[in-house]
Amino acid sequence: PDPVADALGSALAALADAAHLGLRHLTGPVRTALARSADDLARTGLAVCATAVRRLLDSLPVPEDAPARWTDAQIRLLTTAELHRRG
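Residues 18 to 104 in my numbering are what the sequence shown lists, from first letter to last.
In short, the hints are calculated from the structure, not lab data. C-beta atoms are modelled at their ideal positions from N, C-alpha and C, and glycine is treated no differently. Treat the hints with care, since some could be wrong.
Stated by the list, open to error - Using C-beta positions, here's what the derived DEER-type ranges look like:
#1 Leu100 with His42: 18 to 24 angstroms
#2 Arg41 with Glu99: 35 to 41 angstroms
#3 Ala64 with Asp19: 14 to 20 angstroms
#4 Gly39 with Gly104: 32 to 38 angstroms
#5 Asp89 with Thr49: 18 to 24 angstroms
#6 Thr44 with Glu99: 27 to 33 angstroms
#7 Pro80 with Ala52: 16 to 22 angstroms
#8 Ala22 with Asp75: 22 to 28 angstroms
#9 Pro18 with His42: 30 to 36 angstroms
#10 Ala30 with Leu100: 14 to 20 angstroms
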């Protein structure tokens, strides 16, 4: 098992769920998955990725800020996942 890859995969899945539902309509389980993902990312040493996901969560009450925060988290996680895969 690769805890870094697992944390990145779970966080990317949570971000995909958030985009699918719409950032203005997130359910409790998706918010929980995002929060859990941020914790897992931090636990595996990916503090900047964790912060990006937490910033998304913090921005949800301000609908005009959330898309930019989602995009930031998505790009950061995708880039980190790609670099991790390359070793």
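- Task: Take the C-beta atom of Arg41 and the C-beta atom of Glu99, compute their distance, and say whether it sits inside 35 to 41 angstroms.
- Result: About 29 angstroms separates the Cβ atoms of Arg41 and Glu99, which means 35 to 41 angstroms is violated.
- Task: Note whether the CB distance of Ala30 and Leu100 lies within 14 to 20 angstroms or breaks it.
- Result: 19 angstroms, holds
- Message: Assuming the hint says 14 to 20 angstroms, is it satisfied by the Cβ distance from Ala64 to Asp19 or not?
- Response: Holds, at about 18 angstroms.
- Do the Cβ positions of Thr44 and Glu99 conform to the proposed distance bound of 27 to 33 angstroms? 29 angstroms, holds
- Given the range 18 to 24 angstroms, decide if the beta-carbon distance of Asp89 to Thr49 lies inside it. The hinted range 18 to 24 angstroms holds for Asp89 and Thr49, with Cβ atoms some 21 angstroms apart.
- Item | Status of the given 30 to 36 angstroms range, CB of His42 versus CB of Pro18 | At 33 angstroms between Cβs, range holds.
- Item | Consistency of beta-carbon spacing, Asp75 to Ala22, with hint 22 to 28 angstroms | 26 angstroms, holds
- Query: Is 32 to 38 angstroms right for how far apart the beta carbons of Gly39 and Gly104 are?
  - Reply: 36 angstroms, holds
- Message: Quick check on a hinted range of 16 to 22 angstroms for Pro80 and Ala52, using CB atoms only.
- Response: This hint holds: roughly 19 angstroms between Cβ atoms.
- Taking the beta carbons of Leu100 and His42, is their distance inside 18 to 24 angstroms? 32 angstroms, violated
In summary, the structure is inconsistent with hints 1, 2 from the numbered list given earlier, while agreeing with the others.
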